[in-house]
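Chemist: Single-letter residue listing:
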Amino acid sequence: MFTTTKRIIRAGFLSFWRNGVVSFASILVVTVTLFVGGSMFFLGELLESSLAELKDKVDVNIYFTLDAPEEEIFGLKQSLESLPAVAYVSYTSRDQALESFEEKHADDYTTLQALEELDGNPLPASLNIKAKEASQYETIARFLEDKNALMEGDEKIVEKVTYYQNKTAIDKLASIIAGAERLGLAITFTLIAISILITFNTIRLAIYTSRQEISIMKLMGAGNAYIRGPFIVEGIMYGAISALAAMALFYPVTLWIGDATAKFFSGINVHAYYIDHLISIFGSTLLAGIFLGAVSSAIAVSKYLNEKHLKMT
Amino acid sequence: MITFDSVSKKYMDRYVALDNVSLTIRQGEFISIVGHSGAGKTTLLKMLLAEDKPTSGIVTFEDVDIHSLRRKHLLNLRRRIGVVFQDFKLLPHKTAFENIAFAMEAAGRTDEEIEADVPHVLALVDLGDKIWCFPNEMSGGEMQRVAIARAIVNQPDLIIADEPTGNLDPINTHDIIQILKKINDLGTTVILTTHNKRVIDSLGRRVITMDKGRVVRDNEQGSYVL
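Chains A and B, in that order, are what the protein sequence lines are.
Every letter in the first sequence is one number past the one before it in our numbering, and letter 170, counting from 1, is 170.
Every letter in the second sequence is one number past the one before it in our numbering, and letter 3, counting from 1, is 3.
Honestly, I wouldn't trust all of these hints.
[Said to hold, decoys possible] Simulated DEER-style distance windows between Cβ atoms:
hint, chain 1, residue 1, chain 2, residue 2, range
1, A, I198, B, L23, 49 to 57 Å
2, A, A186, B, R71, 40 to 48 Å
3, B, S6, A, G20, 49 to 57 Å
4, A, T4, B, T60, 25 to 33 Å
5, B, Y15, A, I198, 19 to 27 Å
6, A, T4, B, E62, 22 to 30 Å
7, A, L28, B, H120, 37 to 45 Å
8, A, F189, B, R71, 38 to 46 Å
9, A, N306, B, N76, 17 to 25 Å
These are computed hints drawn from the structure, not numbers from a lab.
Quantities reported herein were computed from a predicted structural model and do not represent experimental measurements.
Where a beta carbon is used, it is the ideal one built from N, C-alpha and C, also for glycine.
Next comes chain B alone, as it looks inside the complex:
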């Protein structure tokens, strides 16, 4: 589904963020990427979202070179990817309902679909009673659940979760990982980056370890080893 073929990224011709990374992610996988801060995890995800261009190498999504896409097709690609961030990145002046509705509006969904799907997806992340709350009226765990609801509402092919539990307590961390597992069980590919050893060890899925911009380990049923 996704391939990184000899992808390198240098900033200002000096700092190497990615060094000749090659890997393949199959449809329906739950893959965790671990590594120290600055190991290149986030840069790898940026390449996938076409937020940044590689200095060399090719990133493909379903055999299409992401960085050769025109703007319109790039938008379509982003609509097929749900993103969850460590700092939630909710729209601060929109309610939980409106945050999720925005993702659906961006994908061109009808008002009827929005009215039907948003409460449903909020109930799925156990936030049915927070539908009209603004982000500043919610806890970190609740905000992250809204972010996940927003990421999954358009039934994307891929969920990218960049350290989604970094700001959460152990109970919320557990809940968020359970939700991601549930999403993966329904067939969506999930890419998770995290520093949380317990999360990785409990998942028992494929783990890619990065260091200094390179993939140093790729284990099918890995654990958290740095």
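Next comes chain A alone, as it looks inside the complex:
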């Protein structure tokens, strides 16, 4: 068993090396396939991260009336925090709001001057609420509405809840991204399917040139597994080397488009992503390459192992 395995691996290596041109052509095609597959994976990740980031930006702000007492705001904060749908609530006092406004408009002299002319601080205190799930904002918004309705006249401390203003925009954006994901998935599957077909046909052609050798081997009494083995080893080598080549290609390509993706996909740099996930990307590319090479070879060679294809003359 060990001797047979050793012989099969050796024969595969030798054949790979000696059929240099055929091996090179096969590697080229498998590399393109893996590169297309990898690119589609990157694109999918970018879309996913963008969606996640957008979802993360969804929140609800409660702006209070200017004279709302802090104790009551804290009281509302506490009751909000006790809601199971709420992830966290952060409080911004009127002074903090003013401070951050001034910071934000440090270069905008006109705005700062206009602010100075006003009597005192015009900015309200606010609570920022993040829900555990995007779908739970509606529950929180309704809770706030009910609470606000209970307070009447002068006691009313809530000025505005921002949920409904943002809701339409957020939903629309989410549906655009979901649509883009679906389209991306369809393109991914189509491109990957085409690449796999081309790879399979290339390897089939490579093995077609060996069909007479397969016949000779059979006439010498070699078993099917012993004939098939070296072809599968060759297929695995095509896949492994192509995975390395595709990984090497990803480096300059992601480096080149990294900044562009960072601008386009809300801060995600595809090159940084590639470097951070180098091992897992290489692992999956390698596995995909080996699987593709080995399975294509096995299918292609099985045709000529059939007794019907045995040709003495």
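Please arrange chain B on chain A, whose structure you already have, making use of the hints.
Modeler: Frame of chain A; chain B shown alone:
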């Protein structure tokens, strides 16, 4: 050792390649099969290697019906038969050593046996210095000698040589026939098909003449007559 019992082979129900052939080949014989192209010589050999099935009739090898054998036993049978072809049929990406070693590997021989036997058998066909050459680095005669070395390395019971001298010059033809005679002298049955009159006449062994798929002549010490 080998019997063809009323063997017929039709292709596409029309073309008759073998027509009711019956003959017996004894252990240790050197038998030549002659005939025009398309007379059925190669089809007869294909039946023996189970490369093709007869339309009717039975082919037996040591009393076993070849075409009833399961795959595993068929492989064992093929390992007992060495085949030499007109176009050599060497594995093009393997050296002379590796071509012969492959036949031994297929028969499950050990690395030690391969290391010992391959140089020996190559020396026997006078190719000791071409051991690491690829087929495209050798002449026709040399390639055919490698093919013979490959055919005999597992000490088969039968050698089938299908027009082995068809692509060779007279000197190489003579050498190849001498090697086949030597193999036969050592006890191996040899079946040779050829168009070469001088080869048949010089052998002075059993000659079977075929025409239109039938055996028309079977002479113990025959000559080339068509």
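Chemist: Indicate, hint by hint, whether the structure satisfies it.
Modeler: Do the hints match the structure? See the list:
The beta-carbon spacing between A/I198 and B/L23, approximately 53 Å, falls within the hinted interval of 49 to 57 Å. Between A/A186 and B/R71 the Cβ separation comes to about 45 Å, which falls inside the hinted range of 40 to 48 Å. Taking the beta carbon of each, B/S6 and A/G20 are about 52 Å apart, inside 49 to 57 Å as hinted. The hint said 25 to 33 Å for the Cβ distance between A/T4 and B/T60, and at roughly 32 Å that hint holds.
Separated by about 40 Å at the C-beta atoms, B/Y15 and A/I198 break the suggested range of 19 to 27 Å. Range check, A/T4 to B/E62: Cβ separation about 28 Å, and the 22 to 30 Å hint holds. At roughly 43 Å, the beta carbons of A/L28 and B/H120 sit within the given window of 37 to 45 Å. Take A/F189 and B/R71: their Cβ atoms lie about 39 Å apart, and the range 38 to 46 Å holds.
Distance hint for A/N306 and B/N76: a CB-CB separation of about 19 Å, consistent with the stated range 17 to 25 Å.
Checked against the numbered hints above, the structure breaks only hint 5 and satisfies the rest.
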